[in-house]
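Asks: Below, each chain spelled out in residue letters.
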Amino acid sequence: MTVTESVRSALEVDKVDSHLHPQGSFDVADHIVPTGREEIWRFTPLKRLRDLHGNASLTARSCTATWTEHEGVDIRVVTGDEAASVRGVSKWAPNARFAARVPAEVPASILIDVPADHEMAEPVFPEIEGNDLEATMGAHMTLRFGAHSRAVVVLNHTGSAAVAAVVEVVVGDGADVTVVSLQDWAGDAVHLAHHRALVGRDAAYKHVAVTFGGDVVRMDCNVTYDGPGGSAELLGLYFADEGQHIEHRLFADHTAPRTKSNVLYKGALQGRGAHTVWVGNVLIRKVAEGIETYEENRNLVLSDGCHADSVPNLEIETGEIAGAGHASATARFDDEQLFYLRSRGIDDKEARRLVVHGFFNDLIRKIGVPSIEDKLMKTVEAELAKNVLREDAEAIA
Amino acid sequence: MQYPVEVPGVSVSNFLRTAKTAIDGEAPKLRTWIKDVNTSLQALDLDPTFATRNVNEGFSGGEKKRHEIAQLELLNPKVAVLDETDSGLDIDALRVVSDGVNRFKADGDKGVLLITHYTRILRYIKPDFVHVFVDGRVAEEGGPELADQLEAEGYDKYTKAATAAG
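First to last, the sequence lines map onto chains X and S. Read in order, the letters of the first sequence correspond to residues 1 to 397 in the working numbering. Read in order, the letters of the second sequence correspond to residues 398 to 563 in the working numbering.
Incorrect hints may have been included.
[Unchecked claim] Selected chain X positions facing chain S (in silico; Cβ < 7 Å):
| hint | residue |
| --- | --- |
| 1 | R344 |
| 2 | G345 |
| 3 | G358 |
| 4 | N361 |
Treat the hints as calculated values from the structure; they're not laboratory data. Nothing here was measured: the structure is a model prediction, and the numbers come from that model. Virtual Cβ for every residue (Gly too), placed ideally from N, Cα, C.
Modelling step: build the complete structure from the supplied sequences, incorporating the hints.
Replies: Now the structure itself:
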């Protein structure tokens, strides 16, 4: 693709040796096919990715996307020069082969363009439905929110597909934006996703990743700042069942002073071979004085045979900051909590249900989109019914 | 429990309703239940918004104990074990908690097993039986007069006897 003005300026940001994030490039040739030994790929089961990380074809159309019209908001498929003009707008040079291939090779992009000062009354709910697991595909989407706009976009992924996706988000100055991505795929789907956001001056960006379905889902969620005062709240909820691999990687790149990032991901695992990965990283560049950041990951292991990796990182180039911290905890049910509830007459299963409900409830209440919150609480209950609360649950508890 | 446990994300009202449902075998009627909860919290000098807070999360020592007593009234068990419910309470909270225990006990045929290291709560709660428990054994048993005796003489003679025997 052509290097636009915005891309050129992105490449001029001072180079920093981030051990977790190799130097990005829009040129596919700069990205070798990962072998699995690279830091950013070492947890991912490459064999199950259908070569999406390497050279799989990205041209199939094995997903359909549908949405409803919203007054004042431009939602459409763009191609050709217009597609090229909405790629790279998040000023983030891809640091993975698939993330470079998608903008270079996929013919069309979905564009959601919210004009400046526009306040959307209702969320946009693009439905992405996979209908063919065999044909690998690439997908590109740009969500552009004008200055001082307010909007909520909820991407819902269902069905079966093998997709490499790049979602670029540009949050204008002073805008207040929430992007939710629900991975409610069928059990065999493969989803490799790269979400990247550029947060404008004094803007508030909330990104929520919710992953229940799929065989392998890996989502990299990156945030960088286009001016001082921007804030990013990155929330995530995942529930891995038997044999599932769910990986979330977060990167808040503090490129401007007085910016904020707050990461909270909570996950539960149940069943043999359930594997979750959470890798959080925050880079505080020299210029990013007075910033505030906190990242936290909590995992609840509900049965034997699960594997949770949780790796928080912090790379600090300046000490002139307001605050920086991280926390990670992976544990089974707390016996004391269960005992307390049982001593009040609540039976063991109900006590477990209540504890998991509470574990996720705290996070779900932060999403701020009521229809999603109700739906998620029900999905959590349904997941629990599969394992922890099923009739012979004592055997695995 | 001596130290009521935090249950993150579970509100007091959800917890109480779940426990009540488990004990009665059916969910309490919503209208009367909310009223009962509010009355009970009020009697313990707890704000109605208390029901929206997560169980024991960020509760002060006094709030934890009052919350325990609210459960006593609402869940209405046949027998209640109160393990050091009086520890860490200031004098006002001690009175509020004791009143709650007395109300519970006066309301029908109930059992209360009160475990304490001190005698001050016995100024507010009149026990039917007193057992002195030393080093894993019951060292003495008696009626309420034993509480008065403990108030006057302390536990010294029991602990000395236990040390001598040991």
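Asks: Look at each hint and say if it fits the structure.
Replies: Now the hints, each set against the structure:
This hint holds: R344 of chain X has a C-beta 4 Å from the nearest C-beta of chain S, less than the 7 Å allowed. Here the hint on G345 of chain X is kept, as its CB sits about 4 Å from the closest CB of chain S, short of 7 Å. For G358 of chain X, the shortest C-beta to C-beta distance to chain S is roughly 3 Å, which falls under 7 Å, so the interface hint holds. Restraint check, N361 of chain X versus chain S: the minimum CB separation of about 4 Å is within 7 Å; hint holds.
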